[in-house]
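Undergrad: Sequence:
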Amino acid sequence: GVRTGDRVAIVMPQRFETAVAYMAVLQMGAIAMPLSQLFGPEALEYRLQNAAATVAICDEGALANLLAARETCLALQTVIGLGAGAERADHEWHALLARSRERFAAADTLADDAAVLIYTSGTTGPPKGALIPQRALIGNLPGFVCSQNWFGFDAAAPGRASRAVFWSPADWAWTGGLMDALLPTLYFGRPIVAHNGRFDPTEAFEILSRHRVTHAFLFPTALKAMMKAVPHPRPRYALQLQGLMSAGEAVGDALFAYCRKELGVVVNEMFGQTEVNYVVGNCAMNDHRLPGVGWPARPGSMGRGYPGHLVALIDDKGEQVPVGEPGEVAVRRTDVHGHHDPIFFLGYWNNEAATRAKFSGDWWRTGDLAVRDAEGYLWYQGRADDVFKAAGYRIGPGEIENCLVKHPAVLNCAVVPKPDAARGALVKAYVVLSPDFVAARALQAGATAQFELNLIAALQEHVKGKLAPYEYPKEIEFIDQLPTTTTGKVQRRVLRLQEEERARAAGLV
Numbered sequence: 001g002v003r004t005g006d007r008v009a010i011v012m013p014q015r016f017e018t019a020v021a022y023m024a025v026l027q028m029g030a031i032a033m034p035l036s037q038l039f040g041p042e043a044l045e046y047r048l049q050n051a052a053a054t055v056a057i058c059d060e061g062a063l064a065n066l067l068a069a070r071e072t073c074l075a076l077q078t079v080i081g082l083g084a085g086a087e088r089a090d091h092e093w094h095a096l097l098a099r100s101r102e103r104f105a106a107a108d109t110l111a112d113d114a115a116v117l118i119y120t121s122g123t124t125g126p127p128k129g130a131l132i133p134q135r136a137l138i139g140n141l142p143g144f145v146c147s148q149n150w151f152g153f154d155a156a157a158p159g160r161a162s163r164a165v166f167w168s169p170a171d172w173a174w175t176g177g178l179m180d181a182l183l184p185t186l187y188f189g190r191p192i193v194a195h196n197g198r199f200d201p202t203e204a205f206e207i208l209s210r211h212r213v214t215h216a217f218l219f220p221t222a223l224k225a226m227m228k229a230v231p232h233p234r235p236r237y238a239l240q241l242q243g244l245m246s247a248g249e250a251v252g253d254a255l256f257a258y259c260r261k262e263l264g265v266v267v268n269e270m271f272g273q274t275e276v277n278y279v280v281g282n283c284a285m286n287d288h289r290l291p292g293v294g295w296p297a298r299p300g301s302m303g304r305g306y307p308g309h310l311v312a313l314i315d316d317k318g319e320q321v322p323v324g325e326p327g328e329v330a331v332r333r334t335d336v337h338g339h340h341d342p343i344f345f346l347g348y349w350n351n352e353a354a355t356r357a358k359f360s361g362d363w364w365r366t367g368d369l370a371v372r373d374a375e376g377y378l379w380y381q382g383r384a385d386d387v388f389k390a391a392g393y394r395i396g397p398g399e400i401e402n403c404l405v406k407h408p409a410v411l412n413c414a415v416v417p418k419p420d421a422a423r424g425a426l427v428k429a430y431v432v433l434s435p436d437f438v439a440a441r442a443l444q445a446g447a448t449a450q451f452e453l454n455l456i457a458a459l460q461e462h463v464k465g466k467l468a469p470y471e472y473p474k475e476i477e478f479i480d481q482l483p484t485t486t487t488g489k490v491q492r493r494v495l496r497l498q499e500e501e502r503a504r505a506a507g508l509v
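Here this note's numbering is used: the first residue of the sequence shown is 1, the next is one more, and so on.
Hints in this document: simulated from the structure, not taken from any laboratory. Owing to the predicted nature of the structure, the values given are computational and were not obtained by experimental measurement. For each residue, glycine too, the CB sits at the ideal point set by N, CA and C.
For lysine-lysine, the following DSSO-like pairs were computed, each having C-alpha atoms within a straight-line distance of at most 27 Å: (1) Lys489 x Lys466; (2) Lys466 x Lys389; (3) Lys464 x Lys474; (4) Lys406 x Lys474.
The calculated label-pair distances, taken between Cβ atoms and stated as ranges, are: (5) Ala506 x Thr120: 30 to 36 Å; (6) Arg210 x Ala422: 52 to 58 Å; (7) His340 x Gln49: 29 to 35 Å; (8) Arg502 x Phe104: 55 to 61 Å; (9) Glu500 x Thr120: 20 to 26 Å.
Work out the full structure, taking the sequences as your base and the hints as a guide.
TA: And the structure:
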């Protein structure tokens, strides 16, 4: 059986049984350990071994890889299977249900008891397990409600029930899908749409319309694809969105305008991390009966600190920087009342040194840079390791990427430094073309190279006309897709390392 504190791996997609599994594990006082179905045997093996997981639950999508990884995971006593091939597991899901007791008493848990163990992939070293306490499941909720424009609740009538219907394509095996979608929706007793399959921008509109979705979480990457695939959705789809949150990358003003005009909702940008979630964002709720229940979302701004959290921008020494100066986003251990902020994780699993390294005194360092304006809004500048200098100028990729994606030819893009002996680095953009321009290029019949040269010149002029002269990309490379994490974040680091390797091979560095 499963005992209090045991780690139970859940390797399943968006489906009914996945939600049941999380509820069961949490109510037993055990630790839910979400693992992506995209993981191969080695990735599963490392995490299962590191956490000493005793039970794993999976469906047909992960069973083969899980069984392959099991051979070296000595603590893994039981594998529960669901769907095709489940007989290869130790137990079959429905057979276990048939033998279960009619009554179940949930375990009593304390605020600081561990609830979820999520492995994060850092830029260096092996993945670290972030241990999330029970209190964070509740501490998460103010930010969730704000980011979803009160999630269907009436601020002027607290007793009135919400009628929200939620959907997000975010994988429930990651913080975005689990902590920002599944668990808070279930906490409020509202339905969440489960869809198992690769994200398709046109299908996304069909899901929103068919299920009358009122609240959603969509990554900027997904919104960009939707904007290019269906520029004017409302004549085709009956959209009922009341709240829309986006996170993972900066939402530029082009996407902001598209959501407001075409989706009929102001997108609330949110910033958080697995370890310290839902700390900054927007709440575009506007209720004339209760002024102040929300605050205006500003195009391009990541928002303000959500209620209760102490958020600051600090320098390398841990000192707060003045308004208008870039600094690293940091969150204080204690909230505005002087109590321990419930949103904080307990620490990295069996890695106290890594936990300590993330703090400057009582400030949690996020590794993300921003500028604060006079009204308290934060403006994202990029990851600390994504910002670079070219010819002595400080370059933040976000502003250039936001400018490029406004061009009809650009579906998505990423800006990185290209090593250069004279300038230190050149601004380089990797561009994924929109479907219309992919089709246009295919029709060139031998003139593809000239088509691309003309398009590169047009994109460079597009940026030159809107940003500073030193910001336009000196080089543009077209690729089929950008490297992304399983949560949809663009991995600029992969492209940056590729440029460094090319420079070494050419003898430039």
